[in-house]
Structure formats: structure tokens, C-alpha cells
Amino acid sequence: MKDTKAKKGAVTGKGGKPRNEEKDLKKKKLLAVKDEKFKRRQLKKERKAKKDPNQPKRPPTAFFVFLEEFRKTYKESHPNAKGVAVVGKAGGDKWKELTDAEKAPYVRKAAQKKADYDKAMATYKQKQVDEGEEDGSLEESEKSKSEINDDEESEEEDDDDDE
DNA sequence: GGGCTGATTGTTGGG
DNA sequence: CCCAACAATCAGCCC
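My numbering puts the first residue of the first sequence at 889, with every later residue one more than the last.
No wet-lab data here; the hints were simulated from the structure. Since this is a predicted model, take the numbers as computed values, not measurements. One or more of the hints may lead you astray.
What follows is a set of in silico ranges between Cβ atoms, one per label pair, in the way DEER data are often shown [claimed, not checked]:
#1 LYS1002 with ARG959: 32 to 42 Å
#2 TYR1012 with PHE952: 33 to 43 Å
#3 LYS963 with GLU985: 11 to 21 Å
#4 PRO944 with GLY980: 24 to 34 Å
#5 GLY976 with ARG996: 17 to 27 Å
#6 MET1009 with ALA969: 31 to 41 Å
#7 ALA1010 with LYS977: 35 to 45 Å
#8 ALA1010 with ALA973: 33 to 43 Å
#9 GLN1014 with ASN968: 44 to 54 Å
Ideal Cβ positions, reconstructed from N, Cα and C, are used throughout, including at glycine.
Could you put the whole structure together from the sequences, leaning on the hints where they help?
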């Protein structure tokens, strides 16, 4: 399934009627960002308080995958670069420059992570049930340790040349 | 001395 | 459907 083609050119528009939806969206985003700053403050506290025992962490997005590699390169290029904001901005800027083709490998990898996460989440949910179950037979060390390492090099993805 | 913030975007999950 | 929060990283700064 190749899809997700409607990204920028999909405006459905047709009539020349300028839609302000963009403005509206931006407005909301701005609000969200503003609140985000504030949330960050208590976020740390809340997170600690919650502390999920076995909840799988979210898989790194394509951007993060790229960023991981980018950080190494950036550090080599800028050994004096200290701080995450520096690399973050640089990475974000570069990421925007990357094309779908370049991002493809990163995105694909992210997809793998999602696959793992998907299974992990299933197990996580299952665990929840297990907890509630609490039947006599528990005490299982690790039944689902990590056998997801099956397909590591199984890359079957037809290279779709961009059009 | 220890702990959190800061910045990037994407992705996922919940409401 | 839409929003909100979080995913890593690392050094610097605050209490």
C-alpha cells in the first residue's frame, strides 16, 4: 500500500476560495505549544509518579532515527556543540531538507520499531490482564523475553522510485 | 551532589 | 476526529 500522497497539494479547493483553515490550525498549535511549555514543568513530576512498570516506551520516530545518526555526525563536525538544542535544531533543519527518498530508510526503520512496539503493547495489555487475573499460576519469569528479533535483515521492500 | 531543562519532529494513543 | 503528550540526547545550571 502506497498511499499518503495527499500531503501538500490536496487542497480540494477549487474555486479560489481562500481557506483559513491553515490559520486556524496554526492558532491551535500555538496554544498547544504554549501549554506544552507549562506542561513540561509538571510533566516530569507526573511521569515519575505514574511510572508504568511494563509499559513499552514509544518507538523512536523516523526523525529520531535520523537524529541518532545525525547527532554522531554533528558531533564530529561540531565537537564543540554542546547541548541538545543545537543538534536538535540542526537535525530538524536537515530533516526538512531530506526528501521522502532519503527519509524512506529512516521511516522504514521506524516502521519496524512500531512493529515491535505493536507486539510489546499487546503483551503489555496482556500483562495487565494477567495482573488482574492473579490466578494461582503466575510467577513466570520471562515468557516473552524478546523473540521479536526474527527479521532483522528481512528487507523486502520494492524500491519505488519516486515519481 | 543530584536532577531537570532545553529543542527537534513524528508517532501513537486516548478522549 | 483532534489534541496532547512523549520518544532520545547531553551538557549546563540551579537548589
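Status of the hints after comparison with the structure:
1. LYS1002 with ARG959: 32 to 42 Å: Given a distance of about 22 Å, which is not inside 32 to 42 Å, the answer is violated.
2. TYR1012 with PHE952: 33 to 43 Å: Violated, since TYR1012 and PHE952 (Cβ atoms, about 21 Å apart) do not stay within the stated range.
3. LYS963 with GLU985: 11 to 21 Å: holds, 19 Å
4. PRO944 with GLY980: 24 to 34 Å: With Cβ atoms ~26 Å apart, the hint holds.
5. GLY976 with ARG996: 17 to 27 Å: holds, 23 Å
6. MET1009 with ALA969: 31 to 41 Å: Since the Cβ atoms of MET1009 and ALA969 sit about 35 Å apart, the hinted range of 31 to 41 Å holds.
7. ALA1010 with LYS977: 35 to 45 Å: At roughly 37 Å between Cβ atoms, LYS977 and ALA1010 fall inside 35 to 45 Å, so the hint holds.
8. ALA1010 with ALA973: 33 to 43 Å: holds, 36 Å
9. GLN1014 with ASN968: 44 to 54 Å: This hint holds: roughly 48 Å between Cβ atoms.
Hints 1, 2 from the list above are not met by this structure, while the remaining hints are.
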